[in-house]
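The lines below spell out each chain.
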Amino acid sequence: AQRVTQPEKLLSVFKGAPVELKCNYSYSGSPELFWYVQYSRQRLQLLLRHISRESIKGFTADLNKGETSFHLKKPFAQEEDSAMYYCALYSNYQLIWGAGTKLIIKP
Amino acid sequence: DAGVTQSPTHLIKTRGQHVTLRCSPISGHKSVSWYQQVLGQGPQFIFQYYEKEERGRGNFPDRFSARQFPNYSSELNVNALLLGDSALYLCASSLGQWNTEAFFGQGTRLTVV
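Chains as they are written, first to last, in the working numbering: chain A, 1 to 107; chain B, 1 to 113.
Hints listed in this document are in silico derivations from the structure and should not be mistaken for laboratory results.
Quick reminder that beta carbons are idealized off the backbone N, C-alpha and C, glycines included.
One should not assume that every hint holds.
[To be verified] Label pairs and their in silico Cβ distance ranges:
{"no.": "1", "chain 1": "B", "residue 1": "Ala2", "chain 2": "A", "residue 2": "Ile56", "range": "18 to 28 Å"}
{"no.": "2", "chain 1": "A", "residue 1": "Pro7", "chain 2": "B", "residue 2": "Glu53", "range": "30 to 40 Å"}
{"no.": "3", "chain 1": "A", "residue 1": "Asn64", "chain 2": "B", "residue 2": "Leu11", "range": "40 to 50 Å"}
{"no.": "4", "chain 1": "B", "residue 1": "Leu83", "chain 2": "A", "residue 2": "Leu10", "range": "25 to 35 Å"}
{"no.": "5", "chain 1": "B", "residue 1": "Asn79", "chain 2": "A", "residue 2": "Lys73", "range": "28 to 38 Å"}
{"no.": "6", "chain 1": "B", "residue 1": "Arg57", "chain 2": "A", "residue 2": "Thr5", "range": "15 to 25 Å"}
[Unchecked claim] Pulled from the structure, derived: some chain B residues nowhere near chain A, Cβ distances all over 10 Å:
{"no.": "7", "residue": "Leu11"}
{"no.": "8", "residue": "Lys52"}
{"no.": "9", "residue": "Gly56"}
{"no.": "10", "residue": "Ser65"}
Required output: the full structure, derived from the provided sequences and hints.
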């Protein structure tokens, strides 16, 4: 079955420290993966997608097919990165979502 | 452009009633998808509509239905409401059927009592 797992409900790091938000997926075929972010009192918005291979707001994510992972990373966390982060997989007209990780950046 | 707009923003209904939620996509977007998000979970796919036809359906009972209008706006209808239908309902629009960059509305918070 197609599934997205985000093992951490909450991640708290200090400002300036590296951040890694974990995402694992289960999918047969070539996956199309996304990271969405939801800042406080704002709507869900696309952060990045693996096919674009961009760095957005200092975040990057690399698809590792061997480990079926798509972890989100940032070398130096900033306070404005505090938000809810969702990993999602596109399959058959729909996005399949992980449960999300709440990232808190401590000053 | 106002982005994806949903109405109402909040709604309280009684068990057994029905509800209609509305969504206006971004201008030029022809695809609308609906998701249900229960507290503490990621969104769950309900429907996708493209060019006024249902293109995908998630694992929801027949009490859930939707439609898309000629102007690409959409309605989600839920009949015989249950307490478990209480959730945030999200609408997302995208440019085409296969274009997977989805733009989300603020959602409608439905509470069933």
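Structure-based check of each hint:
1. For alanine 2 (chain B) and isoleucine 56 (chain A), the Cβ-Cβ distance of about 23 Å falls inside the hinted range of 18 to 28 Å, so the restraint holds.
2. Between proline 7 (chain A) and glutamate 53 (chain B), the C-beta spacing of about 38 Å keeps the proposed range 30 to 40 Å intact.
3. Hint check: asparagine 64 (chain A) to leucine 11 (chain B), Cβ distance near 42 Å, so the stated range 40 to 50 Å holds.
4. In this structure, leucine 83 (chain B) and leucine 10 (chain A) meet the distance hint of 25 to 35 Å, their C-beta atoms being roughly 27 Å apart.
5. About 45 Å separates the C-beta atoms of asparagine 79 (chain B) and lysine 73 (chain A), a value inconsistent with the hinted range of 28 to 38 Å.
6. For the hinted restraint 15 to 25 Å between arginine 57 (chain B) and threonine 5 (chain A), the CB-CB distance of approximately 24 Å keeps it satisfied.
7. With a least beta-carbon separation of about 18 Å from chain A, leucine 11 (chain B) lies farther than 10 Å from that chain, consistent with its non-interface assignment.
8. Chain A leaves lysine 52 (chain B) outside its interface by the beta-carbon criterion, the shortest separation being 15 Å against a cut-off of 10 Å.
9. The claim that glycine 56 (chain B) is not at the interface with chain A is violated, since a C-beta of that chain comes within 10 Å of its own (minimum 3 Å).
10. Distance check for serine 65 (chain B) against chain A: the nearest CB is about 17 Å away, which clears 10 Å, and the non-interface claim stands.
Going through the hint list in order, the structure does not satisfy hints 5 and 9.
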